[in-house]
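> Could you build the full structure based on these sequences and the hints that come with them?
For reference, the chains in residue letters:
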Amino acid sequence: MIKLVYFAWVRERIGKSEEEIVLPESVSTVSGLLDHLKERGEEYRYALEHSEVIRVALDHRHSQHDAEIGNASEIALFPPMTGG
Amino acid sequence: MIKLVYFAWVRERIGKSEEEIVLPESVSTVSGLLDHLKERGEEYRYALEHSEVIRVALDHRHSQHDAEIGNASEIALFPPMTGG
Amino acid sequence: MIATVLVQSEDFDIAAEIQKLTAGDRDVGAVVTFTGVCRDEAGKLSALELEHYPGMAEQEIERIAKQAGKRWPLTGLIAIHRFGRIRPGENIVLVVAASKHRHAAFEAASFMMDFMKSRAPFWKKEIFLDGTEGGWVDARTKDDDALDRWSEE
Amino acid sequence: MIATVLVQSEDFDIAAEIQKLTAGDRDVGAVVTFTGVCRDEAGKLSALELEHYPGMAEQEIERIAKQAGKRWPLTGLIAIHRFGRIRPGENIVLVVAASKHRHAAFEAASFMMDFMKSRAPFWKKEIFLDGTEGGWVDARTKDDDALDRWSEE
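Residue numbers (the working numbering), protein chains in the order written: chain A, 1 to 84; chain B, 1 to 84; chain C, 1 to 153; chain D, 1 to 153.
Simulated from the structure, these hints should not be mistaken for laboratory data.
Note that beta-carbon positions come from the ideal geometry of N, C-alpha and C, so glycine has one too.
Check the hints yourself; a few may be wrong.
Stated by the list, open to error - Sample of chain C residues at the chain A side, in silico, Cβ under 7 Å: (1) 51; (2) 53; (3) 54; (4) 56; (5) 59; (6) 87; (7) 89; (8) 93; (9) 113; (10) 117; (11) 128; (12) 136; (13) 137; (14) 139; (15) 147; (16) 150.
Stated by the list, open to error - Chain D residues, not near chain C, derived (Cβ > 12 Å throughout): (17) 1; (18) 3; (19) 4; (20) 8; (21) 9; (22) 13; (23) 15; (24) 31; (25) 55; (26) 71; (27) 83; (28) 85; (29) 87; (30) 117; (31) 130.
Stated by the list, open to error - Listed next, the in silico EDC-like pairs over lysine to aspartate or glutamate satisfying Cα-Cα at most 20 Å (straight line): (32) C:20 <-> D:11; (33) C:20 <-> D:40; (34) D:20 <-> C:13; (35) D:20 <-> C:90; (36) D:66 <-> D:107; (37) D:100 <-> C:40; (38) D:20 <-> C:40; (39) C:66 <-> A:59; (40) C:100 <-> D:143.
Rendered as structure tokens:
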């Protein structure tokens with residue numbers, strides 16, 4: 001089980017702020033996870049359609065799409081940040 | 001008659017903060033004024049010995065040593081500034 | 001140098017924060033503050049709703065503060081980022097950088113803001129006066145470009 | 001943009017000065033302040049005695065502020081420089097720059113300080129704890145060099 005958390009319009013489009021899923025053994029990288037999520041339904045495809053803009057954090061650290069998920073226990077997906 | 005004002009160690013070395021003098025007709029530039037003042041006594045020579053570091057303002061505006069005094073009514077002599 | 005990082009819904013008191021960095025430290029010669037304020041977008045905006053990622057927001061700002069502390073000889077650094085509903089004229093973010101000399105304080109504060117804009121996990125949604133949602137504010141490529149000037153050769 | 005320039009012996013209230021630039025102006029998105037504070041020089045300093053050229057001090061700072069206002073899109077600018085006896089920990093100078101965007105506010109405040117350091121007619125004399133005068137503070141060539149980065153090509 002791995003915890004997924006969503007923010008801003010990613011959260012709104014998926015329709016939930018967090019969930020726990022079982023990661024298939026075939027999924028080892030962030031981009032593999034994004035592809036896997038798109039198969040979970042229309043709302044995921046809508047949220048992740050331009051997946052290149054989606055930012056990812058593994059255990060609270062910014063990560064690239066080609067990063068290995070490794071032992072991360074929390075993965076966050078969100079749009080580019082607009083703080084400050 | 002022209003008003004001369006002095007600040008910081010220029011003031012301390014000359015021993016007064018301001019004075020009015022009659023400018024000889026031969027003095028038309030700032031550097032001419034500095035040379036003229038050095039003839040007024042030991043305290044002026046001491047204050048202006050390294051005259052290249054002396055800053056000058058004509059009527060409240062920074063000026064160069066080769067500037068014409070023109071119609072200025074107040075000339076200030078002081079060391080490099082250390083405000084801020 | 002100990003940096004103070006706060007992520008909170010309440011407003012902050014700039015004078016009190018400056019005081020924390022200067023009181024008792026007689027080696028502080030320069031204090032720079034940056035305050036980000038909510039604009040009203042030509043009178044259309046009712047409020048911004050600021051969403052954040054609790055936990056990561058603090059950690060990411062702490063990482064940025066640590067970098068600033070390594071890069072400039074600071075005597076103190078404070079960063080406060082608010083979340084929740086913020087109305088025009090209200091404060092959003094505060095950075096206070098203190099140092100012996102002014103250029104370190106200016107650069108560290110500017111560096112903090114550039115990185116907080118693009119790397120701290122916060123998202124702004126606009127709420128207009130007519131009750132409609134203006135949607136999520138787009139990230140500006142200008143803000144990403146702003147990071148480039150800090151890349152060390 | 002109207003700049004406020006004050007040359008005074010009294011201290012200033014940073015929060016109140018910021019308030020003047022933000023109250024009622026809903027187009028302000030960024031406020032940068034710089035505060036110059038008297039250091040104690042490793043515990044040796046009793047006070048600084050700041051001499052100034054009345055009249056020219058205000059005019060020169062106003063000229064610098066006018067240049068800043070031409071160069072950056074500011075919504076407001078305040079510069080306050082104190083004179084007289086200032087003790088360690090006390091404020092010497094304040095600049096507050098407000099703008100729609102942060103880089104304008106940062107740059108204008110930094111520009112103001114660089115030019116005030118080298119062009120505003122103020123001179124600092126050190127007075128040590130043992131009663132001796134440390135003499136006049138030397139101008140640093142570093143401060144003159146700091147002006148070069150603002151030269152427009």
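> For every hint, state whether the structure bears it out.
Taking the hints in turn, this is what the structure says about them:
no.: 1; hint: 51; in the structure: 6 Å, holds
no.: 2; hint: 53; in the structure: 6 Å, holds
no.: 3; hint: 54; in the structure: 10 Å, violated
no.: 4; hint: 56; in the structure: 4 Å, holds
no.: 5; hint: 59; in the structure: 5 Å, holds
no.: 6; hint: 87; in the structure: 17 Å, violated
no.: 7; hint: 89; in the structure: 17 Å, violated
no.: 8; hint: 93; in the structure: 5 Å, holds
no.: 9; hint: 113; in the structure: 6 Å, holds
no.: 10; hint: 117; in the structure: 4 Å, holds
no.: 11; hint: 128; in the structure: 17 Å, violated
no.: 12; hint: 136; in the structure: 5 Å, holds
no.: 13; hint: 137; in the structure: 5 Å, holds
no.: 14; hint: 139; in the structure: 3 Å, holds
no.: 15; hint: 147; in the structure: 12 Å, violated
no.: 16; hint: 150; in the structure: 15 Å, violated
no.: 17; hint: 1; in the structure: 17 Å, holds
no.: 18; hint: 3; in the structure: 19 Å, holds
no.: 19; hint: 4; in the structure: 18 Å, holds
no.: 20; hint: 8; in the structure: 18 Å, holds
no.: 21; hint: 9; in the structure: 20 Å, holds
no.: 22; hint: 13; in the structure: 7 Å, violated
no.: 23; hint: 15; in the structure: 4 Å, violated
no.: 24; hint: 31; in the structure: 4 Å, violated
no.: 25; hint: 55; in the structure: 26 Å, holds
no.: 26; hint: 71; in the structure: 16 Å, holds
no.: 27; hint: 83; in the structure: 18 Å, holds
no.: 28; hint: 85; in the structure: 16 Å, holds
no.: 29; hint: 87; in the structure: 10 Å, violated
no.: 30; hint: 117; in the structure: 8 Å, violated
no.: 31; hint: 130; in the structure: 17 Å, holds
no.: 32; hint: C:20 <-> D:11; in the structure: 18 Å, holds
no.: 33; hint: C:20 <-> D:40; in the structure: 18 Å, holds
no.: 34; hint: D:20 <-> C:13; in the structure: 15 Å, holds
no.: 35; hint: D:20 <-> C:90; in the structure: 14 Å, holds
no.: 36; hint: D:66 <-> D:107; in the structure: 14 Å, holds
no.: 37; hint: D:100 <-> C:40; in the structure: 11 Å, holds
no.: 38; hint: D:20 <-> C:40; in the structure: 18 Å, holds
no.: 39; hint: C:66 <-> A:59; in the structure: 19 Å, holds
no.: 40; hint: C:100 <-> D:143; in the structure: 15 Å, holds
When held up to the earlier numbered hints, the structure conflicts with 3, 6, 7, 11, 15, 16, 22, 23, 24, 29 and 30 and fits the remainder.
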